[in-house]
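*Asks:* Protein sequence lines, in the order shown, are assigned to chains A and B.
Note that the working numbering gives residue 144 to position 144 of the first sequence, counting from 1, and the numbers run on in steps of one.
Note that the working numbering gives residue 126 to position 126 of the second sequence, counting from 1, and the numbers run on in steps of one.
Since the hints were derived computationally from the structure, they do not count as laboratory data.
Don't take every hint at face value.
To be verified - Computed cross-link-like contacts, SDA-like style, restricted to lysine to any residue with a CA-CA straight-line distance of at most 25 Å: (1) B/Lys159 x A/Gly49; (2) A/Lys153 x B/Leu141; (3) A/Lys315 x A/Asp289; (4) B/Lys142 x B/Glu120; (5) A/Lys389 x B/Lys36; (6) B/Lys24 x A/Val351; (7) A/Lys149 x A/Pro27; (8) A/Lys16 x B/Glu146.
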Amino acid sequence: MGKTIVEKILGKLSGKDVSAGDLVVAPIDYAMAHDGTAPLAIKAFMEMGGERVWNPSRIIFIIDHVSPSTSIGTSNLHKLMRDFARKHGIKLYDVGSGICHQIMVEDGYVKPGYIILGADSHTCTYGALGAFSTGIGSTEMASVFLSGKLWFKVPETIKITIMDEPPSWIMGKDIILNIIGALGSDGATYKAIEFDGSVIKKLSISDRLTICNMVVEMGAKAGIIKPDEKTKSFLGDNLGRIDIVEPDKDAEYADEYLVGVSGLEPQVAKPSKVDDVTSVTEVEGIEIDQVFIGSCTNGRIEDLRAAARILKGRKVKDGVRLLVIPASRKIYLKALNEDLIKVFLEAGGAVYSPGCGPCMGGHIGILGDDEICISTSNRNFAGRMGSPKAKIYLASPLTAAASAITGKITDPRRFL
Amino acid sequence: MKVFRGRVHKFGDDIDTDVIIPGKYLKEFDPKELAKHAMEGVDPEFPRKVGVGDFILAGENFGCGSSREHAPMALHAAGIRIVLAKSFARIFYRNSINGAYLLPIEIDDDIYNSISDGDEVELDLNKMTLRNLTSGGEFALKEIPEIVVEIFEAGGILKWKPKKL
Numbered sequence: 001m002g003k004t005i006v007e008k009i010l011g012k013l014s015g016k017d018v019s020a021g022d023l024v025v026a027p028i029d030y031a032m033a034h035d036g037t038a039p040l041a042i043k044a045f046m047e048m049g050g051e052r053v054w055n056p057s058r059i060i061f062i063i064d065h066v067s068p069s070t071s072i073g074t075s076n077l078h079k080l081m082r083d084f085a086r087k088h089g090i091k092l093y094d095v096g097s098g099i100c101h102q103i104m105v106e107d108g109y110v111k112p113g114y115i116i117l118g119a120d121s122h123t124c125t126y127g128a129l130g131a132f133s134t135g136i137g138s139t140e141m142a143s144v145f146l147s148g149k150l151w152f153k154v155p156e157t158i159k160i161t162i163m164d165e166p167p168s169w170i171m172g173k174d175i176i177l178n179i180i181g182a183l184g185s186d187g188a189t190y191k192a193i194e195f196d197g198s199v200i201k202k203l204s205i206s207d208r209l210t211i212c213n214m215v216v217e218m219g220a221k222a223g224i225i226k227p228d229e230k231t232k233s234f235l236g237d238n239l240g241r242i243d244i245v246e247p248d249k250d251a252e253y254a255d256e257y258l259v260g261v262s263g264l265e266p267q268v269a270k271p272s273k274v275d276d277v278t279s280v281t282e283v284e285g286i287e288i289d290q291v292f293i294g295s296c297t298n299g300r301i302e303d304l305r306a307a308a309r310i311l312k313g314r315k316v317k318d319g320v321r322l323l324v325i326p327a328s329r330k331i332y333l334k335a336l337n338e339d340l341i342k343v344f345l346e347a348g349g350a351v352y353s354p355g356c357g358p359c360m361g362g363h364i365g366i367l368g369d370d371e372i373c374i375s376t377s378n379r380n381f382a383g384r385m386g387s388p389k390a391k392i393y394l395a396s397p398l399t400a401a402a403s404a405i406t407g408k409i410t411d412p413r414r415f416l
Numbered sequence: 001m002k003v004f005r006g007r008v009h010k011f012g013d014d015i016d017t018d019v020i021i022p023g024k025y026l027k028e029f030d031p032k033e034l035a036k037h038a039m040e041g042v043d044p045e046f047p048r049k050v051g052v053g054d055f056i057l058a059g060e061n062f063g064c065g066s067s068r069e070h071a072p073m074a075l076h077a078a079g080i081r082i083v084l085a086k087s088f089a090r091i092f093y094r095n096s097i098n099g100a101y102l103l104p105i106e107i108d109d110d111i112y113n114s115i116s117d118g119d120e121v122e123l124d125l126n127k128m129t130l131r132n133l134t135s136g137g138e139f140a141l142k143e144i145p146e147i148v149v150e151i152f153e154a155g156g157i158l159k160w161k162p163k164k165l
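So here's chain B without its partners, still in its complex pose (with noise of 0.2 Å):
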């Protein structure tokens, strides 16, 4: 369990696959080429701003559409490793944390109204809270299911050696 700190980058609802890597990327394997590319539908300036470890803060439905894995993909190959939204996507959400590419946290409406694009935050995951670093301020997260978290620290499902079924 870790403590993540980084600048948010704050999009609204319904941020669909399309607009975080449009289809005619799916060719690409390459993270690299997938990054140049990452959220092109709704900002293409996402990939110069970026740094790693920068959080996504969303609203409702964050992921909808395709199953696409390079969605998450082009995300983390961009720095993004944490994504807080009011709601995600289904199978967003399991791409998500079947690659280890990004842990999916889910937020109230208060805190996405009481953080700006552009904030320094402070996920600590041992203590289920986020710090906002630049205007002040601390919440309490949700708890994450156990095997969602236990699947994202071991790498990935391909990694994972879950410990019952």
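Next comes chain A alone, as it looks inside the complex (with noise of 0.2 Å):
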């Protein structure tokens, strides 16, 4: 029977022939934790005794989620964090760097093949590049700073197929939207899912990026993509070892489904559920008290292009505060350097530096009762962004652009 890109990679790295369900060991290439899970980690670490890490190289520290820190609990775990880095020579990418995930990519840890590991659950992003990798818990982190291995359960595989001629404005998050909509909150619960199809081939880096990273809002263990000349191309000449994993044609698939986008409008996830999905045109006129584009999902310079496109010489409606957070460092310096900085401030929104910024509701754009905020973030639950009584709507860049200019959500198509 054929094996899915899976099965071949954790069969490969766990040296042994393995189908879904078998249980393997296998070696972890990279583990990263960010200020959010890390010092759990620490603590477990010590707990158990652990004196030396499995490979202070192989291990990745990010401050992201509350970064800078606001209070003096945070300093203190962002400080413990530190402290262990140095102990134990790992490499830490302090307050400014950027979002755990896009670092992993931006800096080359990320390689076709390998097996990384990260204390957050959007670590299934990577999978764009044609890695396995998948979110764990801090003391399961603890475990592997100590040894360097995790015993997995090879995960069946969902194959989507992303087929048709895609609208010109067509972004990553519309498509990914549209599949968790169609496949529900727990539709891929403990599965893999396998991205193919001509839209997919046609997409951006940042695009396959950001359907990967939403796998999980599906139940999702890992999204992954064949890696192609693109893939190729992002990574640069100096790829070290990689493996180039393709599925077998007579691969044996839990499901397989064939999604069209020809006819799809722009999409949009109501709150409080990522699942709670519909069309741009179904939610037009709702009035929004905030916008924020940035995240690891949507936080990429062909976002904050795609966004400024729509913001150049445009101003944000009165009353509707806008907030862009580049993803990371290297973005941001692009961004001033095409002058994308100047389009947000010009239009009067907020730029701050990089980090998780209001996703995960630890520091910066915090939502009060009752208020209303789209955003390029992945998740819209109650209490996300600050108070349970606000109410996030979730959407592409382009989406999020529009609706800041009338202070309404809109069908981005107006402006283009």
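Join these two chains into a complex; the hints should help.
*Replies:* If you want it as structure tokens, here you go:
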């Protein structure tokens, strides 16, 4: 029987021929933790009497969730991370570097065929480059710090083929929101999702990252895309050990879906469920208080360019706050060089230093009671960005930018 | 293997980690502080209602969302030991076991519908049965994977000594 991409990666690295359902122990290429999860992992590591980490050059710490710190408590946790990193020789990306998932991809830690674990649920993002990556908790991360290995149940794979001629304005966010709406918030629990089809081949790496980023919103363990020429050119010359893994023609899938995008309208997830997805035309006119453009889902240069395309020469509606947070320092610099930051500021927006921002309610842009936000991030759960009474709509950077101008949820096609 | 008895707090589908413990409390290490905010997003009164040894009964996809281990920690600190749900999100399930915070047990629609908020229940892990002490009725439960019970009873993955690997 043929193998899926995930079966091949887990099989190769565990040294066995494996199929969905098998238990394997596999060595980890990189382990990542951020300021929301590393402190508990460090505590667990110490409690288990850990003296040395398995390989400091394979562990990455990133301060992004509450960055810079807003309280003494958080500052002390950041200090714990810095002290631990210094003692063990672990690379730490400090305040202002960017969001963990963007840095992992941007700084070359993610390569096709790798197994990467992150103490963050959106670690599934890296499948966009053909790696098997998934999120784990802090205690489990502590055991990875010690051993460099983890046991996995090889997941079944759902294959989603995305086809048709995509509309010119379409973004990865519209596609993945549409799929989440169809499969539901537990439609892929414990499973991997392999994305393929003519549309995937056309999409930029940025859009592919957005798509894989959100598979966890369907409960998936991993999302994965077969690497191609775009992947190779994104990774550049310094590839090192890579393993371009393709699925077998006769691979066995738990389910197979065909998704057509030619008739798709811009998609919006309504409060407070990520799978409550509708077309923008169904929610147009709802008044908003805040617009957030950023996060590991949609804070890349392509996302900022899309937003700037609509905001250039226009003004944010009075009474609406527009927060823009580039996903990394490198993206921020690019946006400066391309005059995108100027566009956001001239439009009346606020631009903050790279980090998670309001996405998980940690620091910047917390919502008050009954406030409404349209956000390019990945979750709209009650209380996610502050008050449990606030409402969050999720959309693409184009839709978010159009809404900032009118002060209401707006179809971006009006401005294109 | 033990018998657990407690009062049920009933919730619906898709109870996510942000309502179990909002992100702003991730700076907290102290279980007592986390307990004060457990389930804040769905029921701010929850910490005052819950007693040690109580059960959560929930629908599909309990614990979806973030990888934050603070979620099972907060529920444990509030007194919860057992979560009965129609299904669990993957990372929450692993975190619950790895830290020995909670024993997650999958149940079917019939059990979910037969137990009301506030009912007293008794879970017998030897027989894998659940009894509703308030309204009567005994239900057979699906077997829990052996490794899950082993890790939970050892007090978490850091204390667990694998028999074989």
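*Asks:* Hints the structure violates: just list their numbers, smallest first.
*Replies:* none
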